[in-house]
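All residue numbers for the sequence shown refer to the numbering used here, where the first residue is 1 and numbers rise by one.
Since the hints were derived computationally from the structure, they do not count as laboratory data. Yeah, the Cβ is synthetic: ideal placement off N, Cα and C, and Gly gets one too. Do not take every clue at face value.
[As the list claims (entries may be wrong)] FRET-style restraints, in silico, Cβ to Cβ:
(1) 12 <-> 39: 38 to 44 Å
(2) 44 <-> 85: 42 to 48 Å
(3) 50 <-> 20: 37 to 43 Å
(4) 20 <-> 111: 19 to 25 Å
(5) 38 <-> 9: 41 to 47 Å
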Amino acid sequence: MLRAIFKIHFMALLAIIGSLLGSLMLFLIGAYEVFEAFLLFFGFGHPSVPGQEITEATATILSSLDSFLLGFVLLYFAYNLFFLLTFPEQREDRFGPIKMPPALHVESLDKMKKTILVIIVVSLSVFLLKENPVEGEHAQ
1 MLRAIFKIHF MALLAIIGSL LGSLMLFLIG AYEVFEAFLL FFGFGHPSVP
51 GQEITEATAT ILSSLDSFLL GFVLLYFAYN LFFLLTFPEQ REDRFGPIKM
101 PPALHVESLD KMKKTILVII VVSLSVFLLK ENPVEGEHAQ
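Take the sequences, apply the hints, and build the full model.
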């Protein structure tokens, strides 16, 4: 009975796979937004306000930065959740000597939550930077 309860940690694999797929999707969205910004900047796109191509291209680049940051958050979450919950005691036995980058190495869930919180705050500030210039121009 107790063994069955401890095997529940493999349910974390659903969260890991979902986070990896979400991360991939956000990276693709970010790449598409960069492509869209280049089209706007070089005059091949259609801006919502004529004559504001550069401003919209800048806002689109900031939006892509936001997508990349959120994609990184999901990737970071999946990577650390895998190593913290799935195989915490047998990492080296199962996978050989794994060289984790120092930025991705996490000792506890609390440290991971703090890092994710910092990235979310940065993402919110990017969102505010993206929205303010566009609203300011329409108000004039």
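Verification of the hints:
1. Remark: the range hint 38 to 44 Å for residue 12 to residue 39 is upheld by a beta-carbon distance near 40 Å.
2. Look at residue 44 against residue 85: about 47 Å separates their beta carbons, and that is inside 42 to 48 Å.
3. Residue 50 and residue 20 have their C-beta atoms about 41 Å apart, which keeps the hinted 37 to 43 Å range intact.
4. At roughly 21 Å, the beta carbons of residue 20 and residue 111 sit within the given window of 19 to 25 Å.
5. For residue 38 paired with residue 9, a C-beta distance near 44 Å keeps the hint of 41 to 47 Å intact.
The structure agrees with every numbered hint stated previously.
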